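Asker: The chain contents come next:
6 protein chains.
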Amino acid sequence: MKPPIYVINPNSSEVVTAGIDAAMAPLRMVGGPEIRCLTLAEGPPGIVTHFDVQSVAQPLALRADALAAEASAFVIACYSDPGLYVLRERLKQPVFGIGECGVLTSLTLGERFGVIAILDASIPRHLRSYGAMGVMGRFAGELAIGLNVQELAQYDRTLARMTEVGRRLRDERGADVIVMGCAGMAAYRAPLQQALGIAVVEPTQAAVGMAIARVQLGWEGC
Amino acid sequence: MKPPIYVINPNSSEVVTAGIDAAMAPLRMVGGPEIRCLTLAEGPPGIVTHFDVQSVAQPLALRADALAAEASAFVIACYSDPGLYVLRERLKQPVFGIGECGVLTSLTLGERFGVIAILDASIPRHLRSYGAMGVMGRFAGELAIGLNVQELAQYDRTLARMTEVGRRLRDERGADVIVMGCAGMAAYRAPLQQALGIAVVEPTQAAVGMAIARVQLGWEGC
Amino acid sequence: MKPPIYVINPNSSEVVTAGIDAAMAPLRMVGGPEIRCLTLAEGPPGIVTHFDVQSVAQPLALRADALAAEASAFVIACYSDPGLYVLRERLKQPVFGIGECGVLTSLTLGERFGVIAILDASIPRHLRSYGAMGVMGRFAGELAIGLNVQELAQYDRTLARMTEVGRRLRDERGADVIVMGCAGMAAYRAPLQQALGIAVVEPTQAAVGMAIARVQLGWEGC
Amino acid sequence: MKPPIYVINPNSSEVVTAGIDAAMAPLRMVGGPEIRCLTLAEGPPGIVTHFDVQSVAQPLALRADALAAEASAFVIACYSDPGLYVLRERLKQPVFGIGECGVLTSLTLGERFGVIAILDASIPRHLRSYGAMGVMGRFAGELAIGLNVQELAQYDRTLARMTEVGRRLRDERGADVIVMGCAGMAAYRAPLQQALGIAVVEPTQAAVGMAIARVQLGWEGC
Amino acid sequence: MKPPIYVINPNSSEVVTAGIDAAMAPLRMVGGPEIRCLTLAEGPPGIVTHFDVQSVAQPLALRADALAAEASAFVIACYSDPGLYVLRERLKQPVFGIGECGVLTSLTLGERFGVIAILDASIPRHLRSYGAMGVMGRFAGELAIGLNVQELAQYDRTLARMTEVGRRLRDERGADVIVMGCAGMAAYRAPLQQALGIAVVEPTQAAVGMAIARVQLGWEGC
Amino acid sequence: MKPPIYVINPNSSEVVTAGIDAAMAPLRMVGGPEIRCLTLAEGPPGIVTHFDVQSVAQPLALRADALAAEASAFVIACYSDPGLYVLRERLKQPVFGIGECGVLTSLTLGERFGVIAILDASIPRHLRSYGAMGVMGRFAGELAIGLNVQELAQYDRTLARMTEVGRRLRDERGADVIVMGCAGMAAYRAPLQQALGIAVVEPTQAAVGMAIARVQLGWEGC
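Residue numbers (the numbering used here), protein chains in the order written: chain A, 17 to 238; chain B, 17 to 238; chain C, 17 to 238; chain D, 17 to 238; chain E, 17 to 238; chain F, 17 to 238.
Looking at chain A on its own, in the form it has when it is part of the complex (with noise of 0.2 angstroms):
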């Protein structure tokens, strides 16, 4: 029996991790790699700032480095994949970002992307993910809905936040298909895509999804 793929949310809020726990449920599969979601819990409470971003790798490169013997793959449930690339050179198992495979998934169900963004701070740093993913030509906007974390536990504000943003997206600048620019936000997506009428990607969904079907065809190892 493989062993799990380890889902690990660098920022330190055990709430978010939870979120993202009951999102897995229907990738838990019986024949399929187990799916555990953990917290860092030297990140800080939400990842905001590039010193935030930064910041987690090296602890996140640690936990990953102590995991490494009993897992079959990495997700870094953060949008801005802090560390993933030191993560990649340093295991050899398959290490995903939710970023990367949010937009990538994004690509298979709508032609240009749009993306609801917490914050407007972080949406040169997501610009510059774009171009280094070499996608610019697919995407169609960012905007941020602008609540804070404690702003972000009243539902309805924020589903309607987000909602708003995304017709927008959809509406001024031609998204057909929405990723939601953060992790853990996988309670809004149906309601939204509902309210939208476009494809609307859960992230950390996408890059899990990926990551069981890497571990099930075993390609690492080059």
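Treat the hints as calculated values from the structure; they're not laboratory data. It is possible that some hints are incorrect.
Any copy, or any two copies together, can satisfy a pair, since identical chains are not distinguished.
[As the list claims (entries may be wrong)] Straight-line C-alpha distance at most 20 angstroms; calculated DMTMM-like pairs for lysine to aspartate or glutamate: (1) K108 / D81; (2) K108 / D68; (3) K108 / E58; (4) K108 / E50.
Bear in mind that the values here come from a model prediction, so they are computed numbers and not experimental data.
With chain A fixed as given, assemble chains B, C, D, E and F onto it according to the hints.
Answerer: Relative to chain A, chains B, C, D, E and F alone:
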């Protein structure tokens, strides 16, 4: 229990379908969706020309229509993604093309993807696809092995040619991940990766892997 | 004397073919190639869906085959360029798609091209074509007038909608040249250009113009 | 009857103009516009440097001004398109540059265009043009034959060099269509295409072909 | 001691040169190169049309030739970079265009640059420059203030228009850094940045800053 | 008098810092900002892996914080630009990365830049940076000299390898300007340029040159 994923080989070669079917083994999980591989009897023995690509779209659509009541997803097992958008517009289920999924998957395994084609004549068609996908900024090159269908049956010779072409893509064009530009070459993936020392993507496996996740997540319906 | 250029309308609407034929008048020169406009009887009344686009490729190819002995060039008179590469691979004569030629011609008339589509559903398909053509860096935007075939017969209403959409492309998206994203709208070109104050390209005329030169030059044969 | 199209050779070499004039023969149709080829007496013997390119813009503009009352279009017969936008801004007639038209025409004949330049020094200037045109995604490469003006008169040697450079563009850079990066090489087009087995575009013919259609259609005036 | 950097204003307006000269104050360092600002007497009062841009290249080159014996670098103080490559090909000293340097400098200050132009007619020319520079992927938009030369003398009105246009670039187009698309607007830089809250680049200062470093480093000579 | 510019070498090798310091000589002007070169004691001996790049971001940020009260700008002297955005988000002073500045500067010296890397493993990371910068359209290629740190101390051997790699970039990839992809190679710049005959950019000098101008202009504060 969810209905099966249908992997349709749009050429009429049962041996190709059998090869695809064998390659599905690691993706068949007890709790996951069933994977059924079919041959499009109406298809040509191999899909080589633009005429071949176009001519299978309609029978593929009809076949998918007939299966739709009991299907959870469709995978079109030809690297030229024939009929991909035709099926997408008429089915509520997710539809995957192995060309699209093979390339997108490669973007998580390397910085610049190279492609091994069967014949030179297909390369311009593939280039248009990469342009349409908006990923030319990640494209290293594509080279053909130049073997006809009968010659492809010669395992050692084919592997030698693939290895030679893969080395040129790696050394002369800077590819650090290889996509096999054809369905049903799964038997060559592991030895080719071993010979080249860089990851090799088998596109049908890549596509079915993405399909399994999509089926489990049930994102269809928008 | 050279054989004629065949302009094939791949939908079965004779009225559309008649409109195309009328638009050819200025391109019919005494010493130039004859221009014959045909209707593809097997085609659907209008080419709207991806299925429509794919389904006409084969009858188009057969029709072109039948005409090949006495043709000097072919023009496919549908903005989605159905069957373009199918015809190119089987004919020694040059083959032109009005989508491709309309866009390329617009690049000599302005810096950023905007496109007026009939229906929203065609826009993603057109975007993939522009990506495949490698001209997305010159693309300003594409918007649909959203009229069905019957409504298109209402001249004033159609012109009003085209003018409205053209103004949005010019003012909101920065287009300084407009491509009409459909065959047989030649009757609207001059008044639309008059209303917008920027050049408007009628794609069938653009394509036939390029075809005449190619026939006169006799570059085919490689 | 419409006034003539003026093809202005911006270098002062009458022999180049004579070659251009001869190449116009197939484009002279009884019912089509007259094509008059002129030499810009103020131009340098050949346009090699950036200084040359810039220095001819003003006399070109004055010459075009003087002809404007009796002209239906202008073609600037130098691959660097000197003065193209100067003429476009001051004339109501359409103005074509052979560099722009040569490249756009090549996009209908192959997937990746290669260019044969005369001298290495022109290549960076041409690259900027392709960038400005937004077509770098279709660009295979550009190589110079490295002959001076006197050597160009040696037919066999020049053809041999063009063939050699064309083969490198085809085999090493992946070009499947060649643009001749200079006016007045029409005499080499057919044998070069014969030798290379891929289409070769003579840019002045390409540009005049587009001009004829534009004149016939009478789109100017916006 | 090194010879001076010459900043040449290619229009004939001494008041513009005086404004540029005043803006050089902070870049004049005791141990650094002298900065001399000159007016091109042969230039038009303002550089507006393509004709203007082309027409100053030759007198600029002659002026630079005359100064070359005692110059360490040249800066062409017009956002359209007239004659940039002409000067580069004939001088051993480094030559800078303020358009090029303004945009490159902006790329270190923000993720997407917006440009404030004087007149709409210049925008397509600028777009071609950004395309030639290969930086369209970082371009947010360009809008004109639409004031003529006389109106530009009205400080408050001009600042109000620049602020309004800058806000549109920031809010509607997503610019997070602004380039002033004209020489000699240095007086507006600080208040405009204050009003917009994002960095504003004055391109002549940007170019002279790069020139000083180049002169000190003495990289010329290859 | 303005406070100094701090050039921080994020690896712990004092000899590298000494080389950088020596290279600053021409940029030290009497009336210009002081340039102080520091070694990040917490850094690894050399920055090779992704882990190295990430691990220095936090100590770099703390070091910059400590210096911020008396600094006018910061330059991060590692071609991978570690911590660039971390420092930018927390400091009011301008912050420069030598990778970014080296490439931007090269765009004023040639049409297509080639990069000489130390090790193959860094090249994919650099490619992502160029993609994020949006300048891949100007990129000719990057090749590594493949020497380890000890071997780099051998002057003649290193110069020979750099020359060999530079020639390949120039002749096989079409580079007409070279960027040295590492800090502290200033001693090789002049002889390498001499050997190659095309401009060579030393990135720390390029970055500090841009920093001096920014400090003098005082654009910070928005």
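Asker: Under a CA distance limit of 20 angstroms, which applies to K108 and E50: within one copy, between copies, both, or neither?
Answerer: Intra 18 angstroms, inter 30 angstroms, cutoff 20 angstroms: intra-copy only.
Asker: Should K108 paired with E58 be assigned to within, between, both, or neither, using CA atoms and 20 angstroms as the limit?
Answerer: For K108 and E58, neither the intra-copy (24 angstroms) nor the inter-copy (28 angstroms) Cα distance is at most 20 angstroms.
Asker: Within a copy, between copies, both or neither: which one fits K108 and D68 at a CA-CA cutoff of 20 angstroms?
Answerer: Between copies only: 18 angstroms across, 26 angstroms inside.
Asker: Tell me, please, which holds for K108 and D81 at an alpha-carbon limit of 20 angstroms: within, between, both or neither?
Answerer: Classified as within: same-chain Cα gap 11 angstroms, cross-chain 37 angstroms, threshold 20 angstroms.
The structure is inconsistent with hint 3 alone, although it conforms to all the rest.
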